[in-house]
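Below, each chain spelled out in residue letters.
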Amino acid sequence: MIAFQTFKLDNGLTVIVNEDNTTQLCAVNVLYKVGARDEIITKTGFAHLFEHLMFGGSANIPDFDTELQLAGGTNNAYTSNDLTNYYDILPVSNIETALWLESDRMLKLDFSEKSLNVQRNVVCEEFKEHYINRPYGDVWHILRKLVYEKHPYQWPTIGLELQHVQDATLTDVENFFYKYYRPNNAILTISGGISADNALQLAKKWFGDIPSGEPFNRNIAMEPEQQAAKFQHVKKDVPVNVIYKAWKMPGRIEPLYYATNLLSDVLGLGESSRLQHALKKETKLFTDIAAYITGSIDTGMFIITGKLAEGITYEQAEQGIQQELDKIKQAPITDAELTRVKNTVEMDIASNNTGVMNKAEMLAIAEMLESADLVNTEIHRYLNVDAASIHTIAQQLLTAEKCSTLYYGKD
Amino acid sequence: MINRNSAPELQLIDRLDINNYKKTSLSNGVDVYYVDSNQEELIRIELRFRAGRWYEPQQAVSRAVCNLMRKGTIQKSAKQIADIVEFYGAHLDVQSGQDYTSMMIFCLSKHLEKIMPVAEEILLEANFPEEELALFIQKQQQKLRINAQNTDFHANRKFSNVLFGSQHPYGYVVNESTFDALTADTLLQFCRKHYNPGDATIFMAGNITSSTLPLIEKHFGKHKGVGKIIAATDKSIHTAFEHKHFIDKDDSVQSSVRIGTLSIPKTHPDFAELNVLNTAFGGYFGSRLMTNIREDKGYTYGIYSSITHLVHASYFSVETEVGNEVCAAAISEVYKEMDVLKTTLIDDEELTIIKNYMMGGLLRATDGPFNRINVIKNMVMSNLTTEYFDGLAHAIKHVDAERLMELANKYFDYETMKEVICGKKIA
Chain D
1 MIAFQTFKLD NGLTVIVNED NTTQLCAVNV LYKVGARDEI ITKTGFAHLF EHLMFGGSAN
61 IPDFDTELQL AGGTNNAYTS NDLTNYYDIL PVSNIETALW LESDRMLKLD FSEKSLNVQR
121 NVVCEEFKEH YINRPYGDVW HILRKLVYEK HPYQWPTIGL ELQHVQDATL TDVENFFYKY
181 YRPNNAILTI SGGISADNAL QLAKKWFGDI PSGEPFNRNI AMEPEQQAAK FQHVKKDVPV
241 NVIYKAWKMP GRIEPLYYAT NLLSDVLGLG ESSRLQHALK KETKLFTDIA AYITGSIDTG
301 MFIITGKLAE GITYEQAEQG IQQELDKIKQ APITDAELTR VKNTVEMDIA SNNTGVMNKA
361 EMLAIAEMLE SADLVNTEIH RYLNVDAASI HTIAQQLLTA EKCSTLYYGK D
Chain W
1 MINRNSAPEL QLIDRLDINN YKKTSLSNGV DVYYVDSNQE ELIRIELRFR AGRWYEPQQA
61 VSRAVCNLMR KGTIQKSAKQ IADIVEFYGA HLDVQSGQDY TSMMIFCLSK HLEKIMPVAE
121 EILLEANFPE EELALFIQKQ QQKLRINAQN TDFHANRKFS NVLFGSQHPY GYVVNESTFD
181 ALTADTLLQF CRKHYNPGDA TIFMAGNITS STLPLIEKHF GKHKGVGKII AATDKSIHTA
241 FEHKHFIDKD DSVQSSVRIG TLSIPKTHPD FAELNVLNTA FGGYFGSRLM TNIREDKGYT
301 YGIYSSITHL VHASYFSVET EVGNEVCAAA ISEVYKEMDV LKTTLIDDEE LTIIKNYMMG
361 GLLRATDGPF NRINVIKNMV MSNLTTEYFD GLAHAIKHVD AERLMELANK YFDYETMKEV
421 ICGKKIA
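Chains as they are written, first to last, in our numbering: chain D, 1 to 411; chain W, 1 to 427.
If you are wondering where the hints come from, they were derived from the structure by calculation, not from laboratory data. Treat the hints with care, as some may be off.
The calculated SDA-like cross-link candidates involving lysine to any residue, where the alpha carbons are at most 25 Å apart (straight line), are [to be verified]:
1. D:Lys284 <-> W:Ala184
2. W:Lys143 <-> D:Thr22
3. D:Lys342 <-> W:Ile84
4. W:Lys297 <-> D:Ile132
5. W:Lys22 <-> D:Thr22
6. W:Lys79 <-> D:Asp63
7. D:Lys108 <-> W:Lys22
8. W:Lys139 <-> D:Gln322
9. D:Lys342 <-> W:Gln80
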């Protein structure tokens, strides 16, 4: 249970405070509701490049990191397809430093050609390190493209190609900033040894005079329902053949999301799950197999993926998966399976809600999705799922025509 | 309007909660260290054993035992064990290491009593079924083939090889044949010898209730340990003579670079201050290496230096992944930054940043039950006391630029540095 209070400043900034007096630290988390899904197909990777530029100096502060380190703090940030999140961890006695830093870069970035040049190169090296210089590094580029035809989830946050990052201009940077990095598109959360009243006063002091941005509507192309099976076979010089099967599934807070998430755990989370036991242990078709979901805000992906054992063909491997899919469609899951996946979710949520950094992040994400309350109430949506609804989803979702299949390997 | 030009006033960190832990012993003499917090629903229990690479009778035995202990006991199959542990959403793993290994129990504390009997059974009765061993070997060999395509994998392997020698426990590398040589019997013997609960040291954190310690006593307190375990074979270090080591990987777009040398242990008088020097050089985001090679030149996504302390050796290393075409330039900048620290004093502003950052680091490292117990664990396993942290904090607060320059001259010795690169050769 995380106790918190929510406020809204006049400029539209949402402020959420969790008072935690068990620690000398505090976490200041700023979430901007912008991710790779807000990019256009000719300028991909931009939200993530922009995250790098946020450390390149702001109106009154040339070096973000230096100031935070002076205050005994540390920070990081990440970009996903849905959002960009920044967090600072520092002694609560120095909390104003974090608020000063975060508010100054929300107020105005110091857009410079040099900073853009360097960060373009840094991001290109990141692209190479994680997506090129690594076996299977391009799998998500291929899979996303195969699954999504309309929605911008068809590219990963790093972008479609190096060239897009290279081509980013200062004008692009500026436009992006004034559209998305405004208080009315952001959530500030604070967790630590500070009262809600004090925190609100400080938030007003540092963020209160930042002008709002123009409200905007997202015109994200929604993904149509898939009518026919899709298939791609990629041959690469990699040592092991892998298989990916992906189905489109409900978005992160749609009612059916919860049962779908539990279904993926029954099938492929842990050694006692069906796929792992049957296909890794019993038939030995795979050396690794898992089922999981992407948890995206819009139409997400339900994925089954595995590494084929030596000498096993893609057809044999697929047949193995299909048998397990048939079984789970024929009969409802057992009570023991249902309890297991619910206990697992309960454990996950408890782990996520531990420590100031996690709490600040979870509150911000919950607020973006629906309401900060979700951190405490979402567990009930999982606990309310019954075997019958998981059964129905298995039958309706995991069909051949709605599936995208990728073979990727030396064969 | 508020004044945004000057930073808010700072307060320095003067208090660390490091002494905030408890210690008790079980009836068999096993020490239990713990940090309790009623804020948490979770509990994490770690049992440390002298069962790492250092104690192996044969290469890869330690890792294989860790992987396979959960895969069957005299009474239960792997599936039965997984069914119980996963039913409660719990985690029960054995993690491998160079010197020590750890059995980790992590669960909602309300489920602990269901997990403990399984943990005890695994420690006492793991029986290494042939079929599980075969699956393990197949999986490890497949993993080796995949890793063989990564430049960092080759660079890391070569680097430990170069520093310690190919027969040393910290230095040897595994190949597919290393796994083929494993037998269930060897694993069983190693496990029985090294995983007696009576020889463990226990570290717990989280929601510790009145029933927790009795539960620990019940499952881990009745087995008598055998006492100190001594590693059998010769373990002398043979560092490679050559300075440069290159592994050609023609299809790579980046090169993995490792530069380093053996270093001093935590008990050495220079240790705490050398830590400050390392932080300045490459130990944090604002370091000399990061500022120059990433933020100024854009050669890499990241570059860090660190000092790693194992029980029987310590080493300093610089690690980065850089574009092939700028690899040579990046390496020469690394040495250049060493030279600058040897010849020019760090100015007050930078030194203050480093000191404040490091004090913040100590605070973060000791904050919250799960972090703090890790710090306590490292302290206990290195035979140190909390005075060690006082020493660390003292060094951070009081070391000056002259002393750091002296240390740079003493420890940044090009002659002793070994350099490993895996990437594409650029003419």
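Here is what the structure says about each hint:
1. For the proposed pair lysine 284 (chain D) and alanine 184 (chain W), the alpha carbon gap of about 20 Å is at most 25 Å, so the pair holds.
2. Among the hinted pairs, lysine 143 (chain W) with threonine 22 (chain D) is inconsistent with the structure: their alpha-carbon atoms are about 43 Å apart, more than 25 Å.
3. Using a Cα cut-off of 25 Å, the hinted pair lysine 342 (chain D) and isoleucine 84 (chain W) holds, with the two alpha carbons roughly 14 Å apart.
4. Restraint check for lysine 297 (chain W) and isoleucine 132 (chain D): the C-alpha separation of about 21 Å stays at or below 25 Å, so the hint holds.
5. Restraint check for lysine 22 (chain W) and threonine 22 (chain D): the C-alpha separation of about 17 Å stays at or below 25 Å, so the hint holds.
6. In summary, the hint linking lysine 79 (chain W) to aspartate 63 (chain D) is not supported, as the alpha carbons are separated by about 54 Å, beyond the 25 Å threshold.
7. Taking the CA atoms of lysine 108 (chain D) and lysine 22 (chain W), the gap is about 49 Å. The hint is violated against a cut of 25 Å.
8. With a C-alpha separation of about 23 Å, the suggested pairing of lysine 139 (chain W) with glutamine 322 (chain D) holds against the 25 Å cut-off.
9. A threshold of 25 Å between alpha carbons decides the hint, and for lysine 342 (chain D) with glutamine 80 (chain W) the separation of about 19 Å falls inside it, so the pair holds.
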